[in-house]
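S.K.: This is what each chain is made of:
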Amino acid sequence: MTINGAGLLKRYGFMTALLLPAIFLLIVDERFRSAQNLSNVLAQSSIVGIVAIGMTLVMILGGFDLSVGAIAALSGLCAVVAFGHGDPLHMALGVGAAIGCGIAIGLVNGVLISRLAINPLIATLAMASIVRGVVLIASEGTIYRAQGDAAAITIIALGRWHVFPIAGFFFIGSIILGWFILKRMRFGHYIYAIGGSETASTLAGLPVSRMVIVTYAIVGGFAGVAGLLLLARTGSALTNAGVGLELEAITATVIGGTRLGGGEGAISGTVLGVLLLGVIRNGLNLNGVSPFWQPFIIGCILLITVVVSRRADSGGRRSRAGFL
Amino acid sequence: MLNFEAIRQSRTLARSMMLVVGAWMGLAASAYSADYTIGISIWDVSNNPSSVPIIAGMNEAAKAADVKIIVSDPKWDASAQVENIRDFVTRHVDAIAVFPIDVVGVEPAIHEAEKAGVPVIGALGKIEGLPYVGVDDLEYGRVHARLMLEALKNIKGPKRIGLFRGTAGGSPDRLRMQGMQEVFKASGADITIESVTADWSPEKALTGFQDLLQRFPNKGDLQLVASMGNCMIPPSIDWAEQNGRDEIIFTTMDLCKSDVDAVQKGTLYGVAFQDVHDMGKLVVNTLVAMHKAGDYHTLPEFARNPPIIVCTKATFENCKGRGF
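Line order of the protein sequences matches chains A and B.
When the letters of the first sequence are read in order and numbered with our numbering, they come out as residues -2 to 321.
When the letters of the second sequence are read in order and numbered with our numbering, they come out as residues 3 to 326.
One chain only, chain B, in its complex shape:
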C-alpha cells in the first residue's frame, strides 16, 4: 500500500531543502563581487576523471587573472546542462563556458543565453556556431586511429580491435568513433571494431574485456584493445597478462598516472591525449582575453588548435610527469 504520510513528509522535507539550497545559492551569488564572472557547466565532476584536473586548471587561471568562476555539475544529463545555462543567465554571469554532454542537445539553451546577451563558448566539445576551445573530438578520434594503425603495422591480414566506449550516445563518444572510422576506411585495412560498453568506467571496461576474451579465446583472434578514455586500460592489461593473452596490444585516449606508468613499462603501446589541466587554464584565459578585446566571436591566437599529443615508449618524454 502507498504510504501517503511518508510521501507528505518527504514533500515537506524536499520543500525545506529547496529553501535552504535557495538561500545558500543566494548567499553564494552575493559573495561574487569580482568584475568578471564566468559560469562553467562541465560534464560530470564525480564520474568523469578528466573533470577534476580541468577544474583545477580553471581555478589556477581564474586566481591568476582575478576573475570568479562558478562551476555547475549537470551529472552527465544533457537536460540538466540546459538548466545550468539558464541558471547562469538568471545569475547574470558575464560569460559561459560549456563542456557539452551533447553538442546538439545544448544548442537551444545557448541561443537563449546569446539572446539575453551572455556570450557562450564551447570547451572540449565543438558546438556549431560557437567559438571553441579544446581539441576537436573528430580529429582526436583520427589521431588515435593513426596510433592504432601504427601499433598494428607488423600484423598482417584482417585485424580485430576491441574498443572501450564512453557513454553511448554522448557526442565525445560519437565524434571520436566517427574520426576513427574515417581513418580506418581511408587506410584500406581490413579492420573490425568490437565495441564494449564501458561508460568511462575502468571497472566496467574490465568486465567488458573479460567477456571479449571469452568471445575471442584464441591468440590472434583479437589484435588490439583501445579505450576512448583514460584509466580504463590498465586493469585489462593486468587481466590479459594473468590469462596468457599478453600478445594483445593496447592503446588509449586521455591520460592518467596509471596510463603513464603502463606506457613506461611498455605494456600500453601508446596514448593520444590532450593535457586537460592546461585545457582548463586555456578556457579561462581565452574568455578573459575575449572580454578584454571586447570580441566574443574571434578566438585569440593562443587558443587556436591546441595540441593532441601522442606518447609511446619511444616518445615517453611527451607524457612523463603528466596525468593525474
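Looking at chain A on its own, in the form it has when it is part of the complex:
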C-alpha cells in the first residue's frame, strides 16, 4: 500500500486546520488542557452542537432554519410547565413536551416551505418571530423556574459522570443519530440528492416534499432537546433563551464544510466547527481577553482557520460567489 501525501493532506488537512486552535491551546495552556476545563468546553458546546447537527441535515438539503433558537425557548417553557413539582410522570411528560413541541413547529416549517413554496429564510424567520411572541405571551415575560423536585433537571446540563459532562452524552447521541441518518439510511442519501439538485430528485421520483417536511421536523426535534438543556443549565425557562443560537449553529455548520447551497456536508465537519467555536471562546476567557476585543479576535481566528482549511480541502477550486 502506498501513502499519497497530497491525498492525505486533502483528506485530513481540512479537519486538522479546524483543530489548530485547540492543538495550540493544548500545547501552551495548562489550564485549557485540564480535564475539568475540557469537560466544561464539551458541556458548553453541547447545546449549539445538538442544534448544529440538525442544521447540518437541513443545510445539506439546501435549506436553513432560523427558528431553532425560538423553538428551544418555547420547548424549555413547555417542559418547565409540564414538569410541575417534578414527579417522574410529569418529568417524562415535560421531556416529551419539549421534543414534541420542537417537532411540531418543525413540521409546520416544512409544510410552509415544501407545500406553500415559501423561501426557507422567510418561513423560518417568520416562524422564529411567531414562536418568540408565543413565548412572551405565554410566560407574560416572566421567568419560569423549575419547582420542587423538578429542579433536579439541572443534572442533565451541569452534572458529570466521573469527569464526563452529562450534556456531552446528549451531544454524542445527536452526533450518532445525525451520522446514522446521513450515512446509513436511504433518507440521508435522499437529503444529499435533493440538496444537490431538487429538479433531478423530483424527476427521479424522490418524495421531495415529504423529505423536506420530515427533515425540518427532525431539526425541530433537535432544537427541542437543546431547549431542554438550556432550561437545565439555569433551572429556568428564560424568555431570551436561545437568542443567537441559530446563527452559532449555522456558523459551526458552514465552518465544518457544509455547502450553503446544499448537497455537501458531513456531521464530522460540523462537530469540529462546534468545538472550534467553543474552544476559541473558552481560550479567550481563560486568558482574560477583554469583552471588547473578543468579537474582533473570534472573527480573525475564524477567518484564518477557515481559509487554511478551505485551501487544504478545495485543492485550488474556487468560486468567486463563495458557494463552492
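Worth flagging that the hints you see were computed from the coordinates, not collected in a lab.
This one's a predicted model, so the numbers in the text were calculated from it and none came from an experiment.
Take the hints with a grain of salt, since some may be wrong.
Not close to chain B: a few residues of chain A, all C-beta gaps over 10 Å, as computed [said to hold, decoys possible]:
(1) 88
(2) 146
(3) 183
(4) 307
Have a look at the derived ranges for each label pair, beta carbon to beta carbon [unchecked claim]:
(5) A:93 <-> B:190: 55 to 61 Å
(6) B:93 <-> A:84: 49 to 55 Å
(7) A:112 <-> B:267: 49 to 55 Å
(8) A:197 <-> B:89: 45 to 51 Å
(9) B:119 <-> A:144: 50 to 56 Å
(10) B:184 <-> A:177: 26 to 32 Å
(11) B:89 <-> A:292: 26 to 32 Å
(12) B:65 <-> A:21: 58 to 64 Å
(13) B:190 <-> A:130: 47 to 53 Å
(14) B:157 <-> A:32: 26 to 32 Å
(15) A:292 <-> B:246: 54 to 60 Å
Even for Gly, the Cβ is constructed at its ideal location relative to N, Cα and C.
Use these hints to put chain B onto chain A, whose structure you have.
M.R.: Then chain B, alone, in the frame of chain A:
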C-alpha cells in the same frame, strides 16, 4: 448557484407582509382616540428581563391616568431606536419616553423630535440635555461598588472580582462600569476586575463563570463575583457550590425572584436595585404631570432622585416580595 426565483418570491412576500403590517399599523394608530398619547421606545422586550415589569408598570399608570401608550421594541439596536423615535413623530404622539440603548447614539433623533415639537424624556438612562426619570447608571455603579467593598471588608490584601457585563458598548454597561471604577479607585483598595461577557444572559454568565473558575482554580484566587444585571448570578452560585468554591462572595444589580431567594438564603451577599415596576409607573406619571403643568423641561418633585435600594440578608425587608 443563486436561486433568483426564490429571491423574487421572497421579495414579493416581503412586500405583501409590509403592506399587511402597514395596514395594521394604520388601524392601530386610528384606534388611539385618547387626548394624550405617549410613545415609548424600550431596549429589548424579549431579551431584557427588566423590560416586562417596566411595561407592566407603565400600563398600570396609563390605565389609571386614562392615557394611551404605544410601546416600540428596537431589539437592542440603537439605529432601530432612532427609527422608533422618528416613527413616533410621524404618528403625532404627544410625548416620547426613550429607554436609551445608547445615550449618545440616540441624540440626533431626539433633536429631530424636539424640532417637530414632540417633547422627549430619557428613562433609566440619562440622555444629555433631557429631563431624566430613573436612577443614574453612573451612581448605580457607584452604589453597587460600595456594596462589593462592604462584602469584601473582611478579606485582606489584593482582591479579584469577576464581573458579568451587559452588552459590551451599550451605555448602561459603560456607565455602571465607570461608576464602579470610580469608587474602587477612591477606596484605595487593590482590586482587579475580570470582565466576563454575558450580554445580560444567565446562560452566558454561567459559561463565563465556569471559565473563570478554570482560570482561577484555587480558593482565594477569586474573592467576589458580581453581575450588572438581574438573574445572572443564581446559576453560578449553584455551580460554585457543586464545585467546592463556596468561599466566593456574590453580589448583583437589579432584582428577580431567584435573586431575592438567594439573598434570603444568604448565598447572594446583596443586591443594589431600582424597582423597575415602580420606574415604569413613574415614567408615565411624570409625563402626565409635565403635560398638565405645560412644562416639559422641569421634572415634577416626585420624579426626582428615585431610590437605589440595597438589600442584604441583614436588610432583607428591602427586597422581600419584590422581583419578578
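S.K.: Against each hint, give a clear statement of whether it holds in the structure.
M.R.: Hints, one by one, checked against the model:
The claim that residue 88 of chain A lies off the interface holds: its Cβ sits roughly 19 Å from the closest Cβ of chain B, which is beyond the 10 Å cut-off. With 10 Å as the threshold on Cβ separation, the claim that residue 146 of chain A sits away from chain B holds: the shortest Cβ distance comes to roughly 16 Å. No Cβ of chain B comes within 10 Å of the Cβ of residue 183 of chain A; the nearest lies about 26 Å off, and the non-interface call holds. The claim that residue 307 of chain A lies off the interface holds: its Cβ sits roughly 19 Å from the closest Cβ of chain B, which is beyond the 10 Å cut-off.
For the pair residue 93 of chain A and residue 190 of chain B, the beta carbons lie near 58 Å from each other, so the given range of 55 to 61 Å is met. At about 51 Å, the CB distance of residue 93 of chain B to residue 84 of chain A agrees with the hint of 49 to 55 Å. At about 53 Å, the beta-carbon gap between residue 112 of chain A and residue 267 of chain B stays in the expected band of 49 to 55 Å. Between residue 197 of chain A and residue 89 of chain B, the C-beta spacing of about 48 Å keeps the proposed range 45 to 51 Å intact.
Checked against the hint of 50 to 56 Å, the pair residue 119 of chain B and residue 144 of chain A passes, with Cβ atoms roughly 52 Å apart. Take residue 184 of chain B and residue 177 of chain A: their Cβ atoms lie about 58 Å apart, and the range 26 to 32 Å is violated. Take residue 89 of chain B and residue 292 of chain A: their Cβ atoms lie about 30 Å apart, and the range 26 to 32 Å holds. For residue 65 of chain B and residue 21 of chain A, the Cβ-Cβ distance of about 60 Å falls inside the hinted range of 58 to 64 Å, so the restraint holds.
At roughly 51 Å, the beta-carbon separation of residue 190 of chain B and residue 130 of chain A lies within the given 47 to 53 Å, and the hint holds. One distance hint, 26 to 32 Å for the beta-carbon pair residue 157 of chain B and residue 32 of chain A, holds here, with the actual separation near 30 Å. With their beta carbons about 33 Å apart, residue 292 of chain A and residue 246 of chain B fall outside the hinted range of 54 to 60 Å.
Violated hints, listed in ascending order, are 10 and 15; each of the other numbered hints is respected by the structure.
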